[in-house]
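Taking the hints into account, I'd like the entire structure generated from these sequences.
So for the sequence shown, the numbering used here puts the first residue at 927; every next one is plus one.
It is possible that part of the hints are untrue.
With a Cα cut of at most 20 Å, we get these calculated EDC-like pairs of lysine to aspartate or glutamate [to be verified]:
1. Lys1021 x Glu1049
2. Lys1079 x Glu995
3. Lys1079 x Glu1049
4. Lys1129 x Glu1107
The set of hints was computed from the structure by calculation and includes no laboratory data.
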Amino acid sequence: MMKVVLPVRARPRRAVVLGLAGWLLGGPALSLAQGTPALVPAAPQPEGRIIDQVVAVIEGQVLTQSELEFETRVALVQQGALQAAFAPLDEEALKGGLELAINLRLQVLSANRLEAFSAEKEEVEARLARFRDTFESEDAFLRFLSRAGADLKLLTEVLERRVRAERILDSRLRPRAQVSEAEVLRYYQQHASEYPEGYPAVKARLQNRLRKERYDQLAAEDLAELRATAQVRRVASFAREVRR
927 MMKVVLPVRA RPRRAVVLGL AGWLLGGPAL SLAQGTPALV PAAPQPEGRI
977 IDQVVAVIEG QVLTQSELEF ETRVALVQQG ALQAAFAPLD EEALKGGLEL
1027 AINLRLQVLS ANRLEAFSAE KEEVEARLAR FRDTFESEDA FLRFLSRAGA
1077 DLKLLTEVLE RRVRAERILD SRLRPRAQVS EAEVLRYYQQ HASEYPEGYP
1127 AVKARLQNRL RKERYDQLAA EDLAELRATA QVRRVASFAR EVRR
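So, in structure tokens, the structure goes:
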């Protein structure tokens, strides 16, 4: 595994361009890890140094272990797993976080080439406020940032990438994910026994369900196509794909 030795408290240099096993983009939802992240002892570091490892290289952008851990924690906290803010992360959580990190970066890189889909400042600020309010106090929020070796600027960058990737994906998929009333009625007629309350009562719910299913399918196809041509090198042993 490639290693980068950094001075105390230094952060790895972030790529110039900022930047979905599952999804985390508004419509489809990503599950990084089930349950509470396993409590595993942290490996001791040499005094006066922090050793950061390169986990993957995504279209020339280096993703380090510290960046991956921070972004995974942010994603889990956004999903309601507040314990992930401080508990050590197990390998399964990091694997899920890596897939998310790769897909978000590829989405944003694709938009960068077209100089399109900037993130609205108001939406990023709203995401930041919601994330901050997840913690029981401002002190707990600041302790999270400190323990992760991050700051408000880095957190804002992570949230901004997420907002922008959601906009990119949604702009391509939402028009194609619409479901006609005829499709909803046909589905109801095929499953009428499951809905004794009648069609008028369940019409909106079925339409939302069918729209989400189509959105998820389109998202999977879209990202598979994007990743098929992407240059992603997985460096960390846990990050490598198992080929069958």
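These are the hints, each one checked on the structure:
Restraint check: the Cα-Cα separation between Lys1021 and Glu1049 comes to about 28 Å, which exceeds 20 Å; the hinted pair is violated. For the given pair, Lys1079 sits about 16 Å from Glu995 by alpha-carbon distance, which is consistent with the 20 Å threshold. Among the hinted pairs, Lys1079 with Glu1049 is consistent with the structure: their alpha-carbon atoms are about 15 Å apart, no more than 20 Å. For the proposed pair Lys1129 and Glu1107, the alpha carbon gap of about 9 Å is at most 20 Å, so the pair holds.
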